[in-house]
Every structure is written in structure tokens, then in C-alpha cells.
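Visitor: Throughout, my numbering is defined as the position within the sequence shown, counted from one, plus 51.
Just to be clear, a hint being listed does not mean it is correct.
Stated by the list, open to error - Beta-carbon label-pair distances, calculated as ranges:
id, residue 1, residue 2, range
1, Gly266, Asp452, 16 to 22 angstroms
2, Leu104, Leu159, 25 to 31 angstroms
3, Leu195, Glu379, 49 to 55 angstroms
4, Lys404, Gly352, 33 to 39 angstroms
5, Asp452, Ser283, 32 to 38 angstroms
6, Thr458, Gln265, 42 to 48 angstroms
7, Gly266, Asp203, 16 to 22 angstroms
8, Asp439, Thr107, 17 to 23 angstroms
9, Pro106, Gly377, 29 to 35 angstroms
10, Glu373, Ala471, 21 to 27 angstroms
11, Gly352, Glu167, 20 to 26 angstroms
12, Arg154, Asp452, 40 to 46 angstroms
13, Asp452, Glu432, 27 to 33 angstroms
14, Ser475, Gln265, 27 to 33 angstroms
To be verified - Listed below are the simulated PhoX-like cross-link pairs for lysine-lysine, each with C-alpha atoms no more than 25 angstroms apart in a straight line:
id, residue 1, residue 2
15, Lys276, Lys433
16, Lys433, Lys103
17, Lys431, Lys103
18, Lys160, Lys117
19, Lys160, Lys103
20, Lys445, Lys431
21, Lys404, Lys438
22, Lys385, Lys438
23, Lys103, Lys445
24, Lys276, Lys431
25, Lys404, Lys276
26, Lys117, Lys153
27, Lys164, Lys153
If you are wondering where the hints come from, they were derived from the structure by calculation, not from laboratory data. None of the values given here were measured: they were computed from a predicted structure. Note that the Cβ used here is the ideal one computed from N, Cα and C, for glycine as well.
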Amino acid sequence: SLTCKQGLGMHQEVSSDGGERIVVSQPILEGFEDVEEEGDGLACMVCREGYKLRPTDLLGVYSYSKRVNLGVGTSGSARGECVYTTVSYFNIIHFQCHQEAKRADAALKNPKKEWEGAMLRNNESLCNSLFPVKGPLVPLAQYLRYVDQYWDNLNALGRADGSRLRLLTYDIVLMLARFATGASFSADCRGGGRDSNSRFLPFMFQMARHLLDQGGPSQRTNMAKCVSSYISSSTSTATVPSSDSRPITPGSQLSSTGAEETVQFMMVNSLLSESYESWLQHRRVFLQRGIYHTFMQHAHGRAASRAAESSSSGGKSQDAAETLTGDELLSIVKPMLVYTGMIEQLQQFFKPKKPANVEPNKKEGTSSGVELEPWEIVMKEKLLNVKDMVGFSKELISWLDDINSATDLQEAFDIVGVLADVLSGGVTHCDEFVRSAIVAGNGKVMNALSQKKKKKVEFRSPAWFALENDTRLVIKHL
52 SLTCKQGLGM HQEVSSDGGE RIVVSQPILE GFEDVEEEGD GLACMVCREG YKLRPTDLLG
112 VYSYSKRVNL GVGTSGSARG ECVYTTVSYF NIIHFQCHQE AKRADAALKN PKKEWEGAML
172 RNNESLCNSL FPVKGPLVPL AQYLRYVDQY WDNLNALGRA DGSRLRLLTY DIVLMLARFA
232 TGASFSADCR GGGRDSNSRF LPFMFQMARH LLDQGGPSQR TNMAKCVSSY ISSSTSTATV
292 PSSDSRPITP GSQLSSTGAE ETVQFMMVNS LLSESYESWL QHRRVFLQRG IYHTFMQHAH
352 GRAASRAAES SSSGGKSQDA AETLTGDELL SIVKPMLVYT GMIEQLQQFF KPKKPANVEP
412 NKKEGTSSGV ELEPWEIVMK EKLLNVKDMV GFSKELISWL DDINSATDLQ EAFDIVGVLA
472 DVLSGGVTHC DEFVRSAIVA GNGKVMNALS QKKKKKVEFR SPAWFALEND TRLVIKHL
């Protein structure tokens, strides 16, 4: 009814072309002080209330997802692996209020479909789903219901490969890649940018950690083991730097060694499954691997016509790296530095830098009775601190401005927070570290090629292979 709609902060309006639509009105003055208090966290665009006033009613964020192809499939076949990439204008609405608005839109003289009406509430930015944002007192059953609904909406976009957790991990990877490469957030959905998506990002991790926990303690432990195996393979001279040199098998799950995933994927896995201390132990190797494959993407991009000569590309890339200046190297590897730095910022936000002071008798358990590690307790609490999650955006945007203004490699590494990692092991200059990472990567590839009797090894570029310089997200086969 119209009375009900008005109570929800909506009213019916006739547009200039004579059409009807349901619009969100300004909040009534009664209780406005409480609405202001919600401003530090999240407040529904319809009823203007959030988790302070309605702590058990789930909020969602209007989002727009697109199905994209990661690249070549098994044995270089044209059928690549499909995943989703999601962006948001970060407009908040209760799931209940969205349902009321949906019914109101359907009851108009000229009915609107669910996402046509939602688009008008979403600053006329396209949306095709409502991403659940869990508050600390939201019943788990309610959250589970709407998580399922979210994935039903994504499944309607077409086939994708892998579990929900794996798909969401690649969604996070592609979101971070937009920040790292400067690609557009709004080319497909006509709205949103760095600010709105930096607010959305932490809640992607909230759902990812939920999906990880659904698999029980063993899933988290197995993921951490995969990260360790991945790092071990990176430091071994006996194998190709696993993931990024081989195509992903469509539909495959994470292998016991993590060998089928990209370096960016494994960094996100580290964030989800390891303590900050473990990340610090692995960070230098992640950086070396990332630099090597970012450089190889650059080299292959400039010599696409010679892609078939991959068996001899290692030495040529090494020679090319030696001739580049420090400024040229920075230009090439900067996207990976931004990506690694964002992971570092998220690691510091979600986890204690030092072992958490959790009393022995205050350990928390899971539904299966297995105790969480101290850092997991801190991360769990952080993932439900809506105010801090939203506030993290300002810190991240400020850091991005700093890293994007870096003028040389040393300054960039310092802003990322890895300068001590870089200038260790006898390395005295930052460009020396970058060149060494490229040379070491080439050496592993050539050694593996020799062991395979020169059998061709597919090059797997970093996960921003789908993000072109013109800022459009495209399907691209390598």
C-alpha cells in the first residue's frame, strides 16, 4: 500500500515522460538523531536505519556482477575458465526494504522488473544482485539464506568454474586488479569508483572468510598448506614457478600444492588462511614471483607475434630486463607493487601485527568444537566490526594516493612496506632486486623446460590479463 511505502521512506512519483516510479524520500525528522548515529556505519537508503537501530535485520549492498573469461583452457583450448567480477556503488538497503520496494515497483501502472527499480535507487547505476553485509547480531540462518540468494543471482549470469570460495577469491583478485591497474569500475555498470569499491572490498573478504569457515577447520588448514607449498615451489630450482606458467584447468579445485593458481590468487589465500607472521615470512617470495610474471606479461605483450617461441623467450626477457632503467622497471612492475601493497594493508587491518593477547581461557571454538588461533579470533571480530570495515576505505584511498605518486623504485617499495625485504640477502639497490627476480624466474622456467625435453610450457599471465589499458573489462585469450 502507499501508506506502507511511505513508512519505508518511499513514495510514488511521476517522471517527466509520464512514467511512474518509486523513489526514496528524505528521512522524517522524528528519530533523526538516531539516524545520524548510524552515519558512522551503514544505514539503509529506504528506512535510514542500520545495525544500531535494527541489529538483527540483514543489510545488503547493491552490486553489479559480470561473467568473464580468464584465458586459455586446458592444453591451450579456446574454452577458458569463467569467473565473475563484481563492482558496487555501495548503496545500502535492508533485504526486507528491498523486497518491499520490489513489490511496489511491480505494482506500478507500468511495472518495473526487480533490477530496473533497483537501478533507480542505485544512483541509476546498473545492479543485478544484493551482496549481504553481516552485522554482529544478524542470525546466521538469515545470512546463509541471502548468501545462497546472492549466488543464485550470479549463477543466472551463466556458467562459472569452481566452488563459491574459489569464484569469490578470483572476484576479489579482479577487484584488487582494478585498483592496481587503474582500470575503470564503472565502464559496465555506469556508476561507482575507487571510493565506493574501497568500501565494498572488506565485505567481499567477510563473505570469503564465511565460505572458508563453512568448510570446517580442515579447509583453512589445507589452504594455508597450499600457500606454504606454493612458496616452496617458488624457491625450488627444480620446477616452473607453478601457477602462473600453466593454464588453469576449467572447473578444477585448488590442488594440494596450489599449483594451478596465480600469484595474486595465492596472496588472497594467504590473507584468508595465514597469520600476519606467516605472511611476513612469505612476502618476499610473493613479491619476486609477482614481479617476474608482471614483467613476462609485459614482454609477451610486446612480442605477441613471437609467442610461439616461448621456449627461447626466457633468455631474451633476461636481456631485455638488463637494458631497462630503474624508471622503466618501475613503470612495468608498478601494478604488482600496488597489488602487493593492498594485500599488506588488508593484512595489517584484519590481523594483529604481533601475536594477539588472547587469554588461554578465552579461546573461541568453532561449530565443530575446534579452537581458533588467536589471530583468527581478532580477524573474526574485525570482520563483524561494520564501522571499522567502512572506515578502512579512507586509509586505503590515502595509501593508494601515496603509492601512485611514487617516482622511483625505492620510494615505491618503501610505501608498500617491503623495502627491508628488498634490501636483504646482499641486495643493495632496488633495481637489482627487480632484475634478480626476473632472472631467477627465467632460470626456473628454462630448467623446467630442459627437464621436460623442451616441451612447450604455457605462459599464464597475472590475473589482470582481462583488464585492458582502455579500462574496459574484456574477454581475452592468451
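Visitor: Hint by hint, note whether the structure agrees.
Guide: Here is how each hint holds up against the structure:
1. A hinted range of 16 to 22 angstroms is violated for the C-beta pair Gly266 and Asp452, which are about 37 angstroms apart.
2. In this structure, Leu104 and Leu159 meet the distance hint of 25 to 31 angstroms, their C-beta atoms being roughly 29 angstroms apart.
3. Between Leu195 and Glu379 the C-beta distance comes to about 50 angstroms, which sits within the given range of 49 to 55 angstroms.
4. Distance hint check for Lys404 and Gly352: the Cβ-Cβ separation is about 37 angstroms, which falls inside the suggested range of 33 to 39 angstroms.
5. Restraint check, Asp452 to Ser283: a C-beta distance of roughly 36 angstroms satisfies the suggested window 32 to 38 angstroms.
6. Look at Thr458 against Gln265: about 45 angstroms separates their beta carbons, and that is inside 42 to 48 angstroms.
7. At about 20 angstroms, the beta-carbon gap between Gly266 and Asp203 stays in the expected band of 16 to 22 angstroms.
8. Between Asp439 and Thr107 the Cβ separation comes to about 20 angstroms, which falls inside the hinted range of 17 to 23 angstroms.
9. In this structure the hint that Pro106 and Gly377 lie 29 to 35 angstroms apart at CB is violated, the actual value being about 53 angstroms.
10. A hinted range of 21 to 27 angstroms holds for the C-beta pair Glu373 and Ala471, which are about 25 angstroms apart.
11. For the pair Gly352 and Glu167, the beta carbons lie near 40 angstroms from each other, so the given range of 20 to 26 angstroms is not met.
12. In this structure the supplied range 40 to 46 angstroms holds for Arg154 paired with Asp452, their Cβ-Cβ distance being about 43 angstroms.
13. The supplied range of 27 to 33 angstroms is met by Asp452 and Glu432, whose beta-carbon atoms lie about 29 angstroms from each other.
14. For Ser475 and Gln265, the Cβ-Cβ distance of about 39 angstroms falls outside the hinted range of 27 to 33 angstroms, so the restraint is violated.
15. Distance hint between Lys276 and Lys433 is fulfilled; the C-alpha atoms sit about 24 angstroms from each other, no more than 25 angstroms.
16. Our distance criterion of 25 angstroms between C-alpha atoms is met by Lys433 and Lys103, whose separation comes to about 17 angstroms.
17. Distance hint between Lys431 and Lys103 is fulfilled; the C-alpha atoms sit about 19 angstroms from each other, no more than 25 angstroms.
18. With a C-alpha separation of about 31 angstroms, the suggested pair Lys160 and Lys117 falls outside the 25 angstroms cut-off, and the hint is violated.
19. For the proposed pair Lys160 and Lys103, the alpha carbon gap of about 36 angstroms is over 25 angstroms, so the pair is violated.
20. Of the pairs offered as hints, the one joining Lys445 and Lys431 holds, with about 21 angstroms between alpha carbons and a cut-off of 25 angstroms not exceeded.
21. A C-alpha spacing of about 21 angstroms is found between Lys404 and Lys438, which places the hinted pair at or below 25 angstroms, so the restraint holds.
22. Straight-line distance between C-alpha atoms of Lys385 and Lys438 comes to about 31 angstroms, which puts the hinted pair past the 25 angstroms bound.
23. A threshold of 25 angstroms between alpha carbons decides the hint, and for Lys103 with Lys445 the separation of about 22 angstroms falls inside it, so the pair holds.
24. Taking the CA atoms of Lys276 and Lys431, the gap is near 20 angstroms; set against the 25 angstroms cutoff, the hint holds.
25. Between Lys404 and Lys276 the alpha-carbon distance is near 21 angstroms, which keeps this suggested pair within the 25 angstroms criterion.
26. Pair hint Lys117 plus Lys153 holds up; C-alpha atoms about 22 angstroms apart against a cutoff of 25 angstroms.
27. Straight-line distance between C-alpha atoms of Lys164 and Lys153 comes to about 8 angstroms, which keeps the hinted pair within the 25 angstroms bound.
Checked against the numbered hints given earlier, this structure breaks hints 1, 9, 11, 14, 18, 19 and 22; the rest are met.
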